[in-house]
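Turn these sequences into a full structure, and let the hints guide you.
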Amino acid sequence: MALNGMQIYKLLPRKNCKECGFPTCLAFAMKLAQGGTEAEKCPYMSDEAKAQLAEATAPPMKTVKFGANDTEYTLGGETVLFRHEKTFVNRPRFAIMFSDIMAQEEIEKKINNINTINYTRINEEMYVEIAAFRCESQDKDKFISLIKKVTESCPKVVPMIITESPEIAEAAVGICADKGPILFGANEQNYEAMADLAKENKLLLGVTADGKENLYTLVQKLQNTGYKELLLDAGSRNLKGAFDDMVNIRRTALLSGDRTFGYPAVAFVCDMSQDKMMQLACASLFIEKYASIIVLSDMDYSMALPLFALRQNIFTDPQRPMRIEQGIYKVGSADEESPLLVTVDFALTYFIVSGEVERSKVPSWILIPDAGGYSVLTAWAAGKFNAKSIAKAVKEFEVENKVKTRELIIPGKVAVLKSDIEDELPGWKVTVGTEEAAALPNFLKKYKAKEAAS
Amino acid sequence: MAYKMPTQKYSGKILEVNVGSDLKLGGESVLPFYSFDGDIGNKPAIGMEIWDIFPESWPAGVLDVFKEVADEPVKWAKHCVEKYNPDFICIKFEGASPDGLNKSVEECAEVAKRLAENVSVPLVIAGCPNNEKNAKLFTKIAESLPNKNYVFLSAVESNYKEVAAAVGLAYGNVVAAESSVDLNLAKQLNILITQLGVKPDKMVMNPGCAAVGYGFEYAVTTMDRIRLAALEQNDATLQMPMILPVSFESWKVKESVVSEEEIPEWGPQEERGIAMEISTAVGVLAAGANAVILRHPRSVEVVRNFITEMTE
Ligand code: B12
Ligand code: SF4
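Line by line, the protein sequences are chains E and X.
With numbering that gives the first Met the number 0, letter number 287 in the first sequence gets 286, and the count goes up by one each step, no holes.
With numbering that gives the first Met the number 0, letter number 255 in the second sequence gets 254, and the count goes up by one each step, no holes.
Just so you know, these hints were derived from the structure itself, not from any lab.
Here the structure is a predicted model, which is why all the values come from computation and not from measurement.
Where hints are given, some of them may not hold.
Lysine-lysine pairs mimicking PhoX-like chemistry, simulated, CA-CA at most 25 angstroms apart [to be verified]:
| id | chain 1 | residue 1 | chain 2 | residue 2 |
| --- | --- | --- | --- | --- |
| 1 | X | LYS251 | E | LYS417 |
| 2 | X | LYS3 | E | LYS61 |
| 3 | E | LYS211 | X | LYS23 |
| 4 | E | LYS275 | X | LYS251 |
| 5 | X | LYS23 | E | LYS445 |
| 6 | X | LYS251 | E | LYS360 |
| 7 | E | LYS239 | X | LYS23 |
| 8 | E | LYS239 | X | LYS8 |
| 9 | E | LYS227 | X | LYS3 |
| 10 | E | LYS401 | E | LYS360 |
Structure representation (structure tokens):
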């Protein structure tokens, strides 16, 4: 819990030496309590006092890491329950569940799916980040060979080792420690050994107990061992129970300010249903409501497309508009004969449109006027995307010097702008494009063919 | 120290609105599905979308399912009710569009009447993209189906006076107030409609919908804020249940419309459309939707399962 100025003062050396830049230790303590300076400024504070202070001034939910190098990820660190209050910071990561008693074909199928899902959406690379391995055979060698097989076939995944046996865990960590695996399975019986293993290898440690009450006491015990890189699981394996766990773990940290639950949590969606679409429904819920790792049985494109899109939306910072710089952009090796399209300066729209133009393989130009950073219809309804703003961009970015065409393709949703633009830009012809960008590749190919014919 | 679970108790409560004769929406006094905090009210309802004309523009993934029945709205609606058991049917009068078939309001009202006579679940009447035409359309349909408690989707800024006067006041149906993803706009429109004399429990709202990936965060945040204002601040102007036409958005986007031939690695188109619909529906349900409108039977099945598991 947060300390006040007097409580902090008691932790200080009380030398009043002024080296911190404050006239007295008390003045320093008061400022520190408000977060206006840093503890490091006092060179004489004992390590113990520093640790106590760090604890007291730490955010309510700890930020933890797993993985290594290019595949290192951050979880936790959230400060609000709703994104409009500030922003959500660390997106949940997806895991696919493997078991060492699973049939070979099933394993192959999942490996293949993991390797297939790989695409870019609005500048973000989308892929499965984690492979979870559940040791069900209790056979160390079998477990190890599964982990080896999958991590060798899927170089990008970070392993999540799931076992309650410290001995098996140690062997598993031994073969993939360099990948920064998650170690999952610290429970009432084994937590000391598991914490030692996690500490030794600096791993994120998954803690599991039956119910929130038991989890709470277990986390306290673990915190007393001094290890605090934790991932929580209150044991529910049905949707309703898991939702209760996710919401209440998060609220305990952020509303009650109780750091015992100030850690990210994992949702084992793979155990909530056998139906892939039901798993998709559960995962969608947990993206919005508070899971940091979401474990699925499998993932194909039909699941990936909505899940990654939803995650990207929910974890967009509402205070930072996704805007793209105005100007004229070249897609592919466009030359002065290439088609010219116009869209808005909302990054989401721009990336969707430019992606589709790329897919069409028709080199083109895209003109971006000042549209207030809004989507096509929003900008149009707000009076920011109209004949005037488009004509202004044509002049400002010297479009007439860059391209020979005097034809402008506009978004289908603003077909009404056609004659206005033609009035505003003498000598230009306006062509109404498709409503959705997905139809652009066909449209552009036909457009190009027609041009070549004439 | 033992664990103490935090709870959030609110002073506000979402109104309970009757739709048809025995479907009830809303009534909760906690955040969506927070049964650990208190009363979650009525289960969110699921409606299925049908059209008054053959839905040529629907992507194959969902059109194929209905192509045998979609030439006739009553046949289509009965098929849905008998096979998939939705809580309501949403009939969208796409054929009324002045840019399309421009069907007369009388003709549309005939269709609505036949549906009402032949279908056992309540109706949600949705209009075409033209708000002016919708005002006339809703007036006519409400007149021919008075006091049915059917929901009319929607009254918007430009037509609310006519729509609210006919639907909510003269003919005793339920007005859906639609605004554009903004708490203040939603509030303002609700106030304007209630000032005309429409009772708040004869209203629902559609605060603006989007598909996941397409500005969806704005929709969720608007809904979150509306629910918090209704519950935390007991803001009576925002306590109407919310209805979200998920299918109107989710079947339009690339993930649902691109064929497998075009992008082979994405796999079957139908699965993608269903998945976009489910994810969008769950996304708005978790933000407080009391009713969702869906197209595909598989989405209906999964979203119903989801709601059942979350509420029972
Ligand atoms: C998110 C959103 C907002 C956000 C803005 C986010 C942003 N940066 O744009 C906020 C909440 C701020 C907002 C505000 C408003 N909004 Co708004 N908003 C939406 C919402 C939900 C999604 C928009 C979105 O992100 N779409 C995704 C992007 C990618 O779509 P897009 O830009 O159209 O691009 C697609 C196509 O147009 C095409 N395309 C794009 N460029 C090109 C170019 C070419 C050449 C071609 C061929 C195709 C093409 O490709 C894309 C993918 O297919 C929509 C409803 C909806 N479901 O669409 C309403 C909507 C657009 N908003 C609307 C309105 C009215 C407003 C406001 C004016 C409300 C008000 N009175 O204040 C304000 C305006 C802002 C202001 N006050 O100044 C209305 C517009 C109604 C209309 N038809 O005129 C809508 C449709 C909601 C509604 N049903 O009422 N909005
Ligand atoms: S540096 Fe430390 S000891 Fe010196 S005045 Fe500042 S707080 Fe006190």
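Here's how the hints hold up against the structure:
1. X:LYS251 to E:LYS417: Holds, at about 23 angstroms.
2. X:LYS3 to E:LYS61: 20 angstroms, holds
3. E:LYS211 to X:LYS23: Given pair LYS211 (chain E), LYS23 (chain X) is violated - Cα atoms ~34 angstroms apart, limit 25 angstroms.
4. E:LYS275 to X:LYS251: Since the Cα atoms of LYS275 (chain E) and LYS251 (chain X) sit roughly 23 angstroms apart, the hinted pair holds (cutoff 25 angstroms).
5. X:LYS23 to E:LYS445: 51 angstroms, violated
6. X:LYS251 to E:LYS360: Given pair LYS251 (chain X), LYS360 (chain E) holds - Cα atoms ~23 angstroms apart, limit 25 angstroms.
7. E:LYS239 to X:LYS23: Distance of about 22 angstroms is within 25 angstroms: holds.
8. E:LYS239 to X:LYS8: OK: LYS239 (chain E) and LYS8 (chain X) at ~20 angstroms, within 25 angstroms.
9. E:LYS227 to X:LYS3: At roughly 21 angstroms apart (the allowed maximum being 25 angstroms), LYS3 (chain X) and LYS227 (chain E) satisfy the hint.
10. E:LYS401 to E:LYS360: Judged against 25 angstroms, a Cα distance of about 20 angstroms means the pair holds.
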